[in-house]
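Engineer: Given these sequences and hints, build the entire structure.
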Amino acid sequence: MIATGIGSLPIHGAEDEYAEAVRVVLGELPDLPHVPELPGRGATASMTGRTLAVVTGLDADLQPAGWRLTGSSGSPGMDHRRARSQLAQDLDTVEELTQGYEGAFKVQVTGPWTLAATVERPRGDRILADHGARRELAQALADGVREHIRDVRRRLSGVDRLVVQLDEPALPAVLTGKVPTASGFGRHRSVAPPEASETLGWVLGAIADEGAEPWVHSCAPNTPLGLLRGAGAHGLAVDLGVLGAADHDALAEALEAGETVALGVVPSVDPAQAPTDKDVVERVQRWLDMLGLDPEEVGGRLVVTPTCGLAGATSGWARRALALSRSGAAALSGR
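Under the working numbering, the letters of the sequence shown match residues 94 to 428, in that order.
Check the hints yourself; a few may be wrong.
Computed spacing ranges between beta-carbons, pair by pair [stated by the list, open to error]:
1) Glu291 - Lys371: 41 to 49 Å
2) Gly298 - Ala112: 30 to 38 Å
3) Asp223 - Val335: 27 to 35 Å
4) Lys371 - Asp124: 15 to 23 Å
5) Pro388 - Gln156: 45 to 53 Å
6) Gly167 - Gly133: 27 to 35 Å
By construction, these hints were calculated from the structure, which means they are not laboratory data. Quick caveat: nothing in here was measured; it's all calculated off a predicted structure. C-beta atoms are modelled at their ideal positions from N, C-alpha and C, and glycine is treated no differently.
Structural biologist: What follows is the structure, encoded as C-alpha coordinates:
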(Lines of atoms letter the chains of each structure in order from A and count residues from 1; the text may use other names and numbers.)
(Lines give C-alpha, C1' and ligand atoms only; values in the text may rest on other atoms or scores of the structure.)
Protein backbone atom coordinates (compact mmCIF):
# COMPACT_ATOMS: atom_id res chain seq x y z
CA MET A 1 0.00 0.00 0.00
CA ILE A 2 1.00 3.59 -0.55
CA ALA A 3 -0.26 6.96 0.66
CA THR A 4 -1.21 10.24 -0.96
CA GLY A 5 -3.05 13.46 -0.15
CA ILE A 6 -6.36 14.66 -1.53
CA GLY A 7 -4.91 17.98 -2.73
CA SER A 8 -5.39 21.04 -0.55
CA LEU A 9 -3.15 22.25 2.26
CA PRO A 10 -3.38 25.25 4.61
CA ILE A 11 -1.32 28.37 4.07
CA HIS A 12 1.24 29.28 6.72
CA GLY A 13 2.11 32.86 5.83
CA ALA A 14 5.71 32.33 4.73
CA GLU A 15 7.05 34.15 1.70
CA ASP A 16 7.75 30.88 -0.09
CA GLU A 17 4.57 29.15 1.14
CA TYR A 18 3.89 27.32 -2.11
CA ALA A 19 7.44 26.00 -2.33
CA GLU A 20 7.15 24.85 1.29
CA ALA A 21 3.88 23.06 0.48
CA VAL A 22 5.59 21.22 -2.38
CA ARG A 23 8.48 20.24 -0.13
CA VAL A 24 6.04 18.90 2.49
CA VAL A 25 4.23 16.79 -0.10
CA LEU A 26 7.45 15.43 -1.58
CA GLY A 27 8.83 14.63 1.85
CA GLU A 28 5.74 13.04 3.39
CA LEU A 29 4.30 11.30 0.31
CA PRO A 30 7.29 9.88 -1.58
CA ASP A 31 5.29 7.13 -3.34
CA LEU A 32 2.52 9.35 -4.76
CA PRO A 33 3.12 13.08 -4.26
CA HIS A 34 0.70 15.57 -5.77
CA VAL A 35 0.47 19.15 -6.96
CA PRO A 36 -0.59 20.95 -3.77
CA GLU A 37 -3.48 23.40 -3.71
CA LEU A 38 -3.55 26.37 -1.31
CA PRO A 39 -7.11 27.75 -1.48
CA GLY A 40 -6.38 30.03 1.47
CA ARG A 41 -4.58 32.33 -0.97
CA GLY A 42 -7.95 33.43 -2.38
CA ALA A 43 -10.49 32.79 -5.13
CA THR A 44 -7.89 32.36 -7.87
CA ALA A 45 -6.39 29.46 -5.89
CA SER A 46 -9.74 27.86 -4.99
CA MET A 47 -10.73 24.57 -6.59
CA THR A 48 -13.00 26.49 -8.97
CA GLY A 49 -10.49 29.19 -9.90
CA ARG A 50 -7.74 26.61 -10.29
CA THR A 51 -9.83 24.56 -12.72
CA LEU A 52 -11.06 27.55 -14.72
CA ALA A 53 -7.36 28.22 -15.28
CA VAL A 54 -7.21 24.84 -17.04
CA VAL A 55 -10.43 25.13 -19.08
CA THR A 56 -9.82 26.15 -22.69
CA GLY A 57 -12.00 28.26 -25.00
CA LEU A 58 -14.10 29.88 -22.25
CA ASP A 59 -13.40 33.10 -20.40
CA ALA A 60 -14.46 33.97 -16.89
CA ASP A 61 -14.35 36.74 -14.34
CA LEU A 62 -14.88 37.01 -10.61
CA GLN A 63 -18.11 38.57 -9.37
CA PRO A 64 -19.22 39.21 -5.75
CA ALA A 65 -21.24 35.96 -5.94
CA GLY A 66 -18.30 33.96 -7.33
CA TRP A 67 -16.96 32.93 -10.71
CA ARG A 68 -18.98 33.67 -13.85
CA LEU A 69 -18.36 32.77 -17.47
CA THR A 70 -18.11 35.73 -19.84
CA GLY A 71 -18.11 33.82 -23.13
CA SER A 72 -15.45 32.67 -25.57
CA SER A 73 -14.18 36.01 -26.84
CA GLY A 74 -10.56 35.43 -25.89
CA SER A 75 -10.70 38.26 -23.36
CA PRO A 76 -10.57 36.69 -19.88
CA GLY A 77 -11.12 38.94 -16.89
CA MET A 78 -8.28 40.09 -14.68
CA ASP A 79 -8.92 37.43 -12.05
CA HIS A 80 -9.11 34.69 -14.68
CA ARG A 81 -5.74 35.81 -16.05
CA ARG A 82 -4.39 35.86 -12.51
CA ALA A 83 -5.62 32.30 -11.90
CA ARG A 84 -3.85 31.09 -15.03
CA SER A 85 -0.67 32.92 -14.11
CA GLN A 86 -0.72 31.57 -10.58
CA LEU A 87 -1.19 27.98 -11.78
CA ALA A 88 1.71 28.37 -14.22
CA GLN A 89 3.94 29.79 -11.46
CA ASP A 90 2.96 26.97 -9.12
CA LEU A 91 3.80 24.38 -11.77
CA ASP A 92 7.15 26.14 -12.28
CA THR A 93 7.82 25.60 -8.58
CA VAL A 94 6.78 21.94 -8.75
CA GLU A 95 9.04 21.46 -11.79
CA GLU A 96 11.98 23.07 -10.02
CA LEU A 97 11.62 21.06 -6.82
CA THR A 98 11.10 17.71 -8.57
CA GLN A 99 14.26 17.78 -10.65
CA GLY A 100 15.45 14.18 -10.86
CA TYR A 101 12.20 12.78 -9.46
CA GLU A 102 11.04 9.49 -10.95
CA GLY A 103 7.85 7.58 -10.21
CA ALA A 104 4.17 8.41 -9.79
CA PHE A 105 2.57 11.82 -9.42
CA LYS A 106 -0.97 13.18 -9.02
CA VAL A 107 -2.75 16.34 -10.12
CA GLN A 108 -6.30 17.46 -9.25
CA VAL A 109 -9.01 19.35 -11.15
CA THR A 110 -12.63 20.05 -10.30
CA GLY A 111 -15.05 17.74 -12.06
CA PRO A 112 -17.62 18.98 -14.60
CA TRP A 113 -20.66 18.69 -12.32
CA THR A 114 -19.16 20.48 -9.35
CA LEU A 115 -17.93 23.16 -11.75
CA ALA A 116 -21.41 23.50 -13.30
CA ALA A 117 -22.94 23.77 -9.83
CA THR A 118 -20.46 26.47 -8.81
CA VAL A 119 -19.89 28.74 -11.83
CA GLU A 120 -22.50 31.15 -13.17
CA ARG A 121 -23.62 31.68 -16.76
CA PRO A 122 -23.01 35.09 -18.38
CA ARG A 123 -26.65 36.03 -17.67
CA GLY A 124 -26.55 34.80 -14.11
CA ASP A 125 -27.52 31.65 -12.20
CA ARG A 126 -25.53 28.45 -12.30
CA ILE A 127 -24.39 26.75 -15.47
CA LEU A 128 -26.23 23.75 -14.06
CA ALA A 129 -29.51 25.40 -15.11
CA ASP A 130 -28.66 25.27 -18.83
CA HIS A 131 -28.24 21.91 -20.57
CA GLY A 132 -26.28 23.38 -23.47
CA ALA A 133 -24.03 25.47 -21.23
CA ARG A 134 -23.11 22.57 -18.97
CA ARG A 135 -22.34 20.44 -22.02
CA GLU A 136 -20.10 23.18 -23.44
CA LEU A 137 -18.32 23.60 -20.11
CA ALA A 138 -17.64 19.86 -19.76
CA GLN A 139 -16.21 19.62 -23.26
CA ALA A 140 -14.04 22.69 -22.67
CA LEU A 141 -12.84 21.10 -19.44
CA ALA A 142 -12.00 17.85 -21.26
CA ASP A 143 -9.95 19.79 -23.83
CA GLY A 144 -8.23 21.78 -21.10
CA VAL A 145 -7.38 18.69 -19.10
CA ARG A 146 -5.70 17.19 -22.17
CA GLU A 147 -3.45 20.26 -22.47
CA HIS A 148 -2.85 20.28 -18.71
CA ILE A 149 -1.68 16.66 -18.75
CA ARG A 150 0.69 17.38 -21.63
CA ASP A 151 2.09 20.39 -19.79
CA VAL A 152 2.64 18.40 -16.59
CA ARG A 153 4.33 15.60 -18.52
CA ARG A 154 6.70 18.10 -20.17
CA ARG A 155 7.60 19.51 -16.78
CA LEU A 156 7.87 16.18 -14.92
CA SER A 157 9.68 14.01 -17.42
CA GLY A 158 10.56 11.35 -14.85
CA VAL A 159 6.93 10.57 -14.01
CA ASP A 160 5.90 7.16 -15.31
CA ARG A 161 2.45 7.07 -13.70
CA LEU A 162 0.34 10.22 -13.79
CA VAL A 163 -2.91 10.23 -11.84
CA VAL A 164 -5.53 12.89 -12.59
CA GLN A 165 -8.11 13.24 -9.83
CA LEU A 166 -11.49 14.83 -10.58
CA ASP A 167 -12.98 16.40 -7.46
CA GLU A 168 -16.78 16.01 -7.48
CA PRO A 169 -18.12 16.94 -4.02
CA ALA A 170 -21.31 18.44 -5.50
CA LEU A 171 -22.28 15.42 -7.58
CA PRO A 172 -24.72 13.90 -5.04
CA ALA A 173 -26.53 17.26 -4.75
CA VAL A 174 -26.65 17.59 -8.54
CA LEU A 175 -28.25 14.16 -8.91
CA THR A 176 -30.84 14.75 -6.19
CA GLY A 177 -31.87 18.31 -7.07
CA LYS A 178 -30.35 19.92 -3.98
CA VAL A 179 -28.19 22.60 -5.57
CA PRO A 180 -29.72 26.00 -4.66
CA THR A 181 -30.56 28.58 -7.32
CA ALA A 182 -28.89 32.00 -7.22
CA SER A 183 -31.80 33.46 -5.22
CA GLY A 184 -31.51 30.73 -2.63
CA PHE A 185 -35.27 30.20 -2.67
CA GLY A 186 -35.32 27.33 -5.13
CA ARG A 187 -33.37 24.29 -6.25
CA HIS A 188 -32.04 23.31 -9.64
CA ARG A 189 -33.65 20.31 -11.29
CA SER A 190 -31.95 17.01 -10.69
CA VAL A 191 -29.73 15.65 -13.44
CA ALA A 192 -30.52 12.15 -14.68
CA PRO A 193 -27.78 9.56 -14.05
CA PRO A 194 -27.26 8.77 -17.77
CA GLU A 195 -26.44 12.42 -18.51
CA ALA A 196 -24.23 12.65 -15.43
CA SER A 197 -22.31 9.55 -16.52
CA GLU A 198 -21.94 10.71 -20.13
CA THR A 199 -20.61 14.11 -19.08
CA LEU A 200 -18.14 12.63 -16.62
CA GLY A 201 -17.11 10.19 -19.33
CA TRP A 202 -15.97 12.99 -21.63
CA VAL A 203 -13.48 14.24 -19.05
CA LEU A 204 -12.43 10.84 -17.71
CA GLY A 205 -12.01 9.61 -21.28
CA ALA A 206 -9.80 12.57 -22.11
CA ILE A 207 -7.57 11.70 -19.15
CA ALA A 208 -7.31 8.05 -20.21
CA ASP A 209 -6.66 9.01 -23.84
CA GLU A 210 -3.60 10.96 -22.67
CA GLY A 211 -2.24 7.89 -20.93
CA ALA A 212 -3.02 9.15 -17.42
CA GLU A 213 -4.99 7.34 -14.73
CA PRO A 214 -8.47 8.83 -14.10
CA TRP A 215 -9.67 9.00 -10.50
CA VAL A 216 -12.72 10.65 -8.99
CA HIS A 217 -12.74 11.98 -5.44
CA SER A 218 -15.72 12.89 -3.31
CA CYS A 219 -15.91 13.01 0.47
CA ALA A 220 -19.67 13.73 0.31
CA PRO A 221 -22.17 11.10 1.46
CA ASN A 222 -24.24 9.25 -1.15
CA THR A 223 -21.73 9.63 -3.96
CA PRO A 224 -22.76 7.15 -6.70
CA LEU A 225 -19.60 5.06 -6.88
CA GLY A 226 -21.03 2.64 -9.44
CA LEU A 227 -21.88 5.55 -11.74
CA LEU A 228 -18.32 6.84 -11.44
CA ARG A 229 -16.87 3.47 -12.38
CA GLY A 230 -19.28 3.17 -15.29
CA ALA A 231 -18.23 6.61 -16.52
CA GLY A 232 -14.59 5.51 -16.69
CA ALA A 233 -13.04 6.17 -13.28
CA HIS A 234 -10.19 3.75 -12.62
CA GLY A 235 -9.72 5.07 -9.08
CA LEU A 236 -12.16 6.11 -6.35
CA ALA A 237 -11.09 8.38 -3.49
CA VAL A 238 -13.54 8.41 -0.57
CA ASP A 239 -13.99 9.23 3.11
CA LEU A 240 -14.45 5.92 4.91
CA GLY A 241 -16.57 7.61 7.58
CA VAL A 242 -19.44 8.61 5.27
CA LEU A 243 -19.86 5.37 3.33
CA GLY A 244 -23.09 3.38 3.24
CA ALA A 245 -23.42 -0.39 2.92
CA ALA A 246 -23.71 -0.30 -0.88
CA ASP A 247 -20.61 1.90 -1.09
CA HIS A 248 -18.47 -0.70 0.65
CA ASP A 249 -19.59 -3.29 -1.87
CA ALA A 250 -18.82 -0.95 -4.78
CA LEU A 251 -15.30 -0.36 -3.47
CA ALA A 252 -14.72 -4.07 -3.01
CA GLU A 253 -15.82 -4.66 -6.60
CA ALA A 254 -13.45 -1.95 -7.79
CA LEU A 255 -10.49 -3.49 -5.98
CA GLU A 256 -11.33 -6.98 -7.24
CA ALA A 257 -11.53 -5.58 -10.79
CA GLY A 258 -7.98 -4.25 -10.52
CA GLU A 259 -8.93 -0.62 -9.94
CA THR A 260 -7.60 1.71 -7.23
CA VAL A 261 -9.34 2.75 -4.02
CA ALA A 262 -7.97 5.70 -2.04
CA LEU A 263 -9.40 5.23 1.44
CA GLY A 264 -9.72 8.34 3.60
CA VAL A 265 -8.99 7.27 7.18
CA VAL A 266 -6.92 10.10 8.72
CA PRO A 267 -8.85 13.17 9.99
CA SER A 268 -8.57 16.16 7.67
CA VAL A 269 -8.98 18.74 10.46
CA ASP A 270 -7.27 18.83 13.84
CA PRO A 271 -8.89 16.10 15.97
CA ALA A 272 -9.53 16.34 19.68
CA GLN A 273 -7.39 13.23 20.06
CA ALA A 274 -4.92 12.43 17.32
CA PRO A 275 -4.93 8.86 16.02
CA THR A 276 -1.78 6.80 16.17
CA ASP A 277 -0.20 4.69 13.47
CA LYS A 278 -1.80 1.69 15.14
CA ASP A 279 -5.25 3.32 14.93
CA VAL A 280 -4.84 3.94 11.20
CA VAL A 281 -3.68 0.39 10.55
CA GLU A 282 -6.48 -1.17 12.59
CA ARG A 283 -9.14 0.92 10.86
CA VAL A 284 -8.03 -0.24 7.42
CA GLN A 285 -7.65 -3.83 8.56
CA ARG A 286 -11.17 -3.87 10.04
CA TRP A 287 -12.53 -2.57 6.75
CA LEU A 288 -10.74 -5.24 4.75
CA ASP A 289 -11.90 -7.93 7.17
CA MET A 290 -15.50 -6.71 6.95
CA LEU A 291 -15.40 -7.12 3.17
CA GLY A 292 -13.47 -10.39 3.23
CA LEU A 293 -10.61 -8.93 1.22
CA ASP A 294 -7.09 -10.29 1.44
CA PRO A 295 -4.64 -7.44 2.15
CA GLU A 296 -1.92 -9.19 0.17
CA GLU A 297 -4.15 -9.46 -2.89
CA VAL A 298 -5.57 -5.91 -2.92
CA GLY A 299 -2.83 -4.02 -1.08
CA GLY A 300 -1.13 -2.90 -4.27
CA ARG A 301 -4.34 -1.12 -5.33
CA LEU A 302 -5.23 0.41 -1.98
CA VAL A 303 -4.09 3.93 -1.09
CA VAL A 304 -4.26 5.51 2.38
CA THR A 305 -5.26 9.19 2.53
CA PRO A 306 -6.72 11.84 4.80
CA THR A 307 -10.52 11.89 4.77
CA CYS A 308 -10.63 15.02 2.59
CA GLY A 309 -8.55 18.07 1.71
CA LEU A 310 -6.44 19.63 4.48
CA ALA A 311 -7.13 23.33 3.84
CA GLY A 312 -9.09 23.59 7.10
CA ALA A 313 -6.34 22.07 9.24
CA THR A 314 -3.51 23.79 11.03
CA SER A 315 -0.14 23.53 9.31
CA GLY A 316 1.09 21.20 12.03
CA TRP A 317 -1.83 18.81 11.71
CA ALA A 318 -1.71 18.88 7.90
CA ARG A 319 1.87 17.65 7.97
CA ARG A 320 1.04 15.11 10.68
CA ALA A 321 -1.98 13.81 8.71
CA LEU A 322 0.19 13.17 5.66
CA ALA A 323 2.85 11.50 7.82
CA LEU A 324 0.21 9.26 9.44
CA SER A 325 -1.11 8.29 6.03
CA ARG A 326 2.39 7.35 4.90
CA SER A 327 3.38 5.44 8.04
CA GLY A 328 0.02 3.67 8.15
CA ALA A 329 0.39 2.52 4.56
CA ALA A 330 3.95 1.38 5.24
CA ALA A 331 2.85 -0.65 8.29
CA LEU A 332 0.01 -2.26 6.36
CA SER A 333 2.53 -3.27 3.71
CA GLY A 334 4.95 -4.65 6.25
CA ARG A 335 7.58 -2.03 5.46
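Engineer: Would you pick out the hints that fail for this structure and give their numbers low to high?
Structural biologist: none
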